[in-house]
Each structure stands twice: as structure tokens, then as C-alpha cells.
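Protein chains: 2
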Amino acid sequence: MEHLRVSEAQHVISTSITRLGTETVGLEQALGRVLAEEIRANRDLPPYDVSAMDGYAVRSSDLPATLNIIEDIKAGDRPRLVVQTGQCARIMTGAQMPQGADAVIRVEDTQSLTDKTVQIAKAVRAGNDVRPQGEQMRDGEVVLTADTEITPGVIGVLATTKTSQMCVYRRPRVAILSTGNELEAMGEAVDPYKIPDANSYALMAQVQALGITPVLLGIARDDPDELAAYLLRGLEYDVLLVSGGTSVGVHDYVRPTIEKLGVNMKFWRVAIRPGHPLAFGCTDTTLVFGLPGNPVSSMVCFEEFVVPALRQMMGYSRRYRRTVTARLAHAIKFRAGRTEFIRVQLRDDGTGYVANATGTQSSGVLLSMAKADGLLVIPSDSNGLAANEQVTVQLLDGTSYQSELGFKE
Amino acid sequence: MEHLRVSEAQHVISTSITRLGTETVGLEQALGRVLAEEIRANRDLPPYDVSAMDGYAVRSSDLPATLNIIEDIKAGDRPRLVVQTGQCARIMTGAQMPQGADAVIRVEDTQSLTDKTVQIAKAVRAGNDVRPQGEQMRDGEVVLTADTEITPGVIGVLATTKTSQMCVYRRPRVAILSTGNELEAMGEAVDPYKIPDANSYALMAQVQALGITPVLLGIARDDPDELAAYLLRGLEYDVLLVSGGTSVGVHDYVRPTIEKLGVNMKFWRVAIRPGHPLAFGCTDTTLVFGLPGNPVSSMVCFEEFVVPALRQMMGYSRRYRRTVTARLAHAIKFRAGRTEFIRVQLRDDGTGYVANATGTQSSGVLLSMAKADGLLVIPSDSNGLAANEQVTVQLLDGTSYQSELGFKE
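Protein sequences appear in the order of chains A and B.
At position 354 of the first sequence the residue is numbered 1508 (the numbering used here), and the sequence of numbers has no breaks.
At position 300 of the second sequence the residue is numbered 1454 (the numbering used here), and the sequence of numbers has no breaks.
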């Protein structure tokens, strides 16, 4: 049976995806979504020349000089008087520049003589500490293009243009199904002959991390009719994640059952470790991922194949986990032939990131994933890595923050 | 007036914080929280020796040999028979090893002769492809310590221990207040003499990015009584963020008003750019941050001071934005004396990250923040950076994913 390379499998998935439709959300719900419309400025900002500092609005040609203070202007005020030669206005950050003045002198560069006069010893050029009208945005110009990911900074720009509602790509509806007679549901009593269903919940959390609330369908037993009934429910969603049940074994009902339901299966095997077996198919309306029954393998396959797919559906241009370069703390032996993902912890030793494998890499040990900061990627043509070798690590959830400040102030 | 260094200000804030109390949440709501209790295994996992592969359970001392298949064992089955010399059992991944057998031969390493016999040409050691009882966890052992951040992998471990409810640190209640006569609220008509209130919403989104839903108090005008009424409401929360109104100007009511309300102000100035002015104080129950009125400055100060504070309250050991090393694409000139944060975009040129400043760095231009991938940190003793110099960049929200796969497969 042919094994696709990781990027080939990603390509097959990607070409099966059409971006989802759009919906309108309020500014309070928009963080993390992707804009489906462009946003234009609805005014000049600043709406007029404003002071960039607390100080005095002056005629630059007057300086240095002792000037008469004709007015106090604070943000939101309209200046009443024109600044003539020998005059200035006391002005606050963000306040409108009065007519006649062309520069601002910061208050710390002046000496107050009386309440009505100020002494300015230095000269400045026209425009000093003035923010010109339209510097931030010009009425009518496009300030945010469609396909912009809505970060906090973008929320600030949307508020600036008074965009209280906006069109964004909708999120996929995702269903999660576990399969296997050996699985014990969360609500069931502990049975020493069963294995708790970790996959449904680990996948739930991976989906939640993308801002999507998935539906857990439950556990389908190894029975074709029961499985078909669960799969039919799953095909009502945009994405169906099925874990377990796709191995080569004789007790495998998933493959025939899923094909009988009209799912066009695109591949059944990928050269990835851990990650055996991994399958993908689709109907006109649903993507179906067959993930390994092993929780670590299932989580790794989710990261490599499902994350980019879900993000593509939601309109993101950034689809892949961020990678950083690290130095490997110790040698790693393994067999060539598949792209391998090693769970590692990262620390910064002052010269950069150092990667350490998180204990046993047995795909049965979910704690290795729980403790991991990232996935070290070993190319399929590599026969092993030496200590101190430079490696690439994909950062996992929870690692966008670090324990140390990380910079020299 | 004394300017604290960034780390001094962070230290003052940090020592004013006590971690918040705890609450119980369900597994579906636990992602991203911090555990406030340790979690122990409630059984051995695997509960017995299991096969790690689809294949045949054998007596390793028999091999190589042609063996009689006495039973089919799939995951969840209890083996009925004991494997004797010359015998084997067909076994599935995750299924219990039958008595007598001590190793598994993968199906691809065998040749099926009849439905009842299989030929195995290779020999293996005892334990081959067997996952021993308790490999993943041992009944009673601590599998997650208190203070563990709940990532998707941790959710999987919690599901494995059937932990449907758990004790986590609660999230702070955060209130956001903007101040200034010049501000125009979201619901107000466009007034060319006003500035839209971007700060409330940019801060809202920064707080939301930490998993907290803040309360927007609105806009307090430059009037001591109105301001005092708003501040009093804000002091009912765990954290109050006030933007604007803390400059040295004569129209500044915030400082006297806030001190009259019993807030113990710890500092009013930090040597950070952009970020002028920045203040911090607290009561017994509320942390109060006075953030700059300028949206870019406000956002930068939030990242450097409020993010670590909120994360400390919630029990995270990782409090600071992740940093990466980058090569600077172009020279940057600036004045020494303050730690400077330059908004940059990052790209990977194949040898590592390259940082480019996002257009104008005027603190008036919020788009520079909306377009930024990170904040390049310039130490306060630096007089400028040359092109190609190695720099440190803090990653901002939205950058935990990237456009390219980023690894060689």
C-alpha cells in the first residue's frame, strides 16, 4: 500500500477544501476571525494637525524667544485664537494645533516665567512634534484588506473606523467520533478491561484551541450498523474526525462502512511517525479524517493535517504551527523512511533554544505530549540526529508565552 | 521624576499580586486554565500487557516457526486460551496479550498459510511490540502536578484519568475605562472634532486573547467628579485598566482623583518607548494600571506589564510573550535612555527570521501594530542598530501560526 509523503497528503487535503461562507459578527466577538470584507477609513485621522506632546504650540520662526501664552488647548477643544508673532498656546497631547502655529515645544524644554509667559531657549523646525492631519488614516482609503486576521491591533483599527459589525469567514462545525469496543466513556465506571476514551477529549481541546466548539458524537462499537449510524450523523457536519478503526486488521469495519456511505476516500496511508494509520476523504459537504486510535498519534496527525485544513476553511493565510530553530540536547536514533515527530521540551540557554525529548517517545504515552513544548521534525531521509545538531521544532499550544522575560532591556 | 526600568516596574507589579482563588470547571471548559490540584492515575494503563501492533502473539522461544492460530483477539476482548508451544493468537493493536505469549510479530513480517496457520521467518526477543502493563501510568501515581497549564495534551491525560471536573485558578475580572473629552464612543455619530475610542476595544481584545471577557466601563470626561464615579465602579473589579489622562499636563485629574479614592500608587513613569506615561497602583482588592492615551503606547504597555500580571494572577508560570531571534533587515536609529519596542514583521528567509519595521513607528499609527508580527526590543543603552544585526523579537497574538510549513519532511 502506498504511503504519501506528509506534504503530498497536505496537498491532497488542501485541494479538497473550499473556504467556508461568511457571517456577520460584532466587534466584541471578532478577535481571531478572518475578515471577509475590506475596511475603509470613514474620516481623516488625526482629523486635523494635532500636538504629539504636552507643551506649547509656537511659530517656529519666532524661536528662541519668550512668548505670551494666549490660550490653553486640550484634547477635544477647538482653538479660538490665531497664534501671532510673539505668541504661543499651551497645548496638550492630541489637542488641535491653533492657526498660526506650526510646531510644538515640549513642556520639559521650556521655562515657565509667569502664568502668561514662557521662555523657550531652543529652536525647532516647522512640524516639530506635530502629527499631521491624516497621518494615521485618510478618509476613504482601505485600511484593512479582506483576509486580514483579526488580532488585537486590528480590533483597535476596526474601532477607529467605527466598525461595530463586520463580515468574517464562519467557523466549521466539527464532529468527533471515537471507535472501538475497548473504549470506556467518560461517564462509565472504571472497567479494568477497558481503556478510557482520551482521544475524543484531546481532539476536542485541539479543536477548541482553534476557536471552534466541536460536538462529541461518542463511541461507536465495532459493529458495522452502529458505526454506519454514527458516521451518518457525523456527515451532517463540515468536518468529521474519526479516531481508531482504520488499521489493516481483520476487525476493521470503518473502511467498507465509510465508503458505502459515499465518502470519496483520497488516501489511507501517510509516511509519518507517529501517525499510523491516517486516512482522508470527503463528500460534497464534509471532510472526513480517519485518525489513529492511539492518542499521541491522533494528536500529531491532527496538528499536521487537520489544523491546516480547519484554518484554510476559516480563511487564514497562516495555517501551519510556527517553527523555531533549536539545538538538540542529545542524540536521537531512529529508522529512516517516514517523517518523524518527536515530542520535545524547549529551554533557552542564552544562545538560543535547546530541545530535549520528553521521556519515552512511545506513542502509547500521552504524558509525553502533555509535557511537550513542541514537535521536533526529523526528515524522512535522516538516519539519526547527533547531539548539538540544529533542528526544527513546531511550537505547540500553550507555548506562545515563556517563563523568562527573554530580552535585555 | 524618576523613570523605572521595565524590569523594575514589572517587579513592583509582580510583588503586588496574589494569585487568585480557585474554582471548579468541567473538562469541556478547562483548556488554557491552570490546574490548582494534582491529578493521580486511577488505574494502571495499559491495564495489562497489550499488543503495540496488528499481528500475532507468540512465544519468542518458538521462532522462527510455522504456528497454529488458536484465537483472534481484538482490543477490548479477554483472551480465552493459553498460547502453548507451536501456537499463536492473531492479535490487534491495543488488544490484551494472551497468557503464554511474550512477544508480537507484525502482520507484515508473516506469511499466512491457511486460516489456521501462519509462517514466521524471523525471530524476535521477548517483549517485542508489547506495551507492558502500566507503561503509560501506574494506579495512584501523580500524573499532573498542581500549576500545570491545561493544553490539549493535558486534556487528554485528564480524560485518561476520568477527571470530568477539576480545580483551576479563576480568571480575573477586568474593567476597562477610557478617559478624555476628545474621545467619541462607538455608538456616537462621527464628529470631526473628536477621536474614536480605539483604546477600549484594543485593550478589550488584548484581554480576550488571555481568555478573559472584560467589562468596558465607557469614557470618562475630563471632570473630577465624573472620573471619580467611573473609577469607583472600576475598583469593584480585580483589575482596572485606565487609558489616557495620566500625562503631566495641567488638565490631568486622574492622579489626584485616583489617590483620593485610596489607590496606593506605586509608580507613574517607566523608561519605555512607546509607553509614556504609564502608572501602576493597587488597593487591597484591585490592581490599577494607568495606560497611555495613545493606542499603540497603550497596547505595548499592556503587553509588557498587564499580560504578565494577569497571567500571574491566573497561576501561569509562563507569563511573558515568547521571544525569537531575528536578523534586522535595515538599520534603525533612535535615542538611548529607554527600552524601545519597534513593531516589526517577521519572515523566514531559509536561514532564520528576518525582522522589518512596519512602516511608520509613530505611536499615533495603530496600523503599525495591526500589521506587526512582533515587538523588536532595543535595550535602553543602545544608540542604534545596524542592518543584519541579531535582535530579539517578542511574538504578538496571531503569530502562533505561519504561512509556510517551515520544516523539511
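Hints are not guaranteed to be accurate.
Because identical chains share one entry, a pair is satisfied inside a single copy or across any pair of copies.
As the list claims (entries may be wrong) - Each computed DSS-like pair below joins lysine-lysine, with the alpha-carbon atoms no more than 30 Å apart: (1) 1525 - 1562; (2) 1414 - 1487; (3) 1270 - 1562; (4) 1276 - 1487.
Since the hints were derived computationally from the structure, they do not count as laboratory data.
Against the structure, the hints come out as follows:
Taking CA atoms no more than 30 Å apart as the test, residue 1525 paired with residue 1562 passes in both settings, with 28 Å inside one copy and 24 Å between copies. Taking identical chains as interchangeable, the C-alpha atoms of residue 1414 and residue 1487 are never at most 30 Å apart, the minima being 42 Å within one chain and 66 Å between chains. For the homomeric pair residue 1270 and residue 1562, neither the shortest alpha-carbon distance inside one copy (45 Å) nor that between copies (70 Å) is at most 30 Å. In the homo-oligomer, the alpha carbons of residue 1276 and residue 1487 lie at most 30 Å apart only across protomers (23 Å), although the nearest pairing inside one protomer, at 69 Å, exceeds that limit.
The structure fails to meet hints 2, 3 from the earlier list, while all remaining hints are met.
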